[in-house]
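Participant: Note that the numbering used here has the sequence shown beginning at 574, numbered continuously upward.
One or more hints might be untrue.
As the list claims (entries may be wrong) - Okay, the calculated beta carbon distance ranges per label pair:
# : residue 1 : residue 2 : range
1 : S622      : S778      : 37 to 47 Å
2 : R799      : E618      : 26 to 36 Å
3 : S713      : G615      : 24 to 34 Å
4 : R799      : D638      : 15 to 25 Å
Hints are computed from structural coordinates only; laboratory data are not their basis.
Positions of the beta carbon are idealized from the N, C-alpha and C atoms, including for glycine.
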Amino acid sequence: MNISGFQKLTLLDFPGHTACTLFTLGCNMRCPFCHNTPLVKGTAEEKYSEEEIFSFLRKRQGLLDGVAITGGEPLLQKDIIPFIKKIKEMGYAVKLDTNGSFPDILGELIKDGLLDYVAMDIKNSEEKYFLTCACDIDFSDISKSIEILRTCGIDHEFRTTVTKELHTKADIISIAKILGKTEKYYLQQFKDSGDILCEGISSHSEETLRDMASAAAEFVFLCETRGI
């Protein structure tokens with residue numbers, strides 16, 4: 574496992590849990606609004622061994638109850654399944670953040686009972702996926718991951734980081750229609766962290782983001798905004 578970030582306590586990343594957050598190195602997408610540039614490009618200098626992580630988790634048993642795994646894209650890691658299995662064997666709940674481009678691995682993790690919560694990023698409407706991800710993505714993989722989560726029976730959410738340059742109300746409505754009436758969908762306000770992947774990206778106004786959420790809410794169970 575290539576782990577290049579480690580937050581020892583979070584009350585926000587894993588709903589309903591006191592957790593730590595692990596950041597894996599590398600991503601197969603190049604979304605211009607990404608705020609984890611060193612992780613995506615593989616240039617992050619921090620490194621944590623598995624033994625460091627498991628030593629920490631052993632000491633926190635009974636104090637923390639969850640581990641959130643994000644990135645980068647965690648499902649790129651060749652050891653992700655045995656790694657999560659070890660975490661689960663220690664009694665921790667596991668939350669996974671994923672871009673949905675590896676449905677087979679996602680499905681295997683869910684089938685084996687290794688995930689308790691999944692947050693999947695939906696980058697844009699199908700027509701603009703390539704433009705937004707800046708990579709040769711097969712949208713059928715995204716669709717498969719959506720369907721896996723819709724039918725898996727574990728808690729999950731879908732979310733989109735919204736930018737003025739890449740996302741319109743029509744795009745958000747298109748995504749909501751794909752997700753359907755049973756799903757939770759969150760629109761995240763883009764924030765420039767100072768280390769985003771590309772320049773020239775900006776946010777919609779708070780009013781516009783709320784208007785997008787209101788329009789999308791007709792097609793999903795819940796649509797709310799974050800970060801405003």
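Participant: Could you tell me whether the CB distance from S622 to S778 stays inside 37 to 47 Å?
Facilitator: Cβ of S622 to Cβ of S778: about 44 Å, so the range 37 to 47 Å holds.
Participant: Please test the hint of 26 to 36 Å on the beta carbon pair from R799 and E618.
Facilitator: Cβ of R799 to Cβ of E618: about 29 Å, so the range 26 to 36 Å holds.
Participant: For the range 24 to 34 Å, tell me whether the beta carbons of S713 and G615 fit it or not.
Facilitator: Since the Cβ atoms of S713 and G615 sit about 27 Å apart, the hinted range of 24 to 34 Å holds.
Participant: Hint says 15 to 25 Å; check whether the CB-CB distance for R799 and D638 agrees.
Facilitator: holds (23 Å)
Taken one by one, the earlier hints all hold for this structure without exception.
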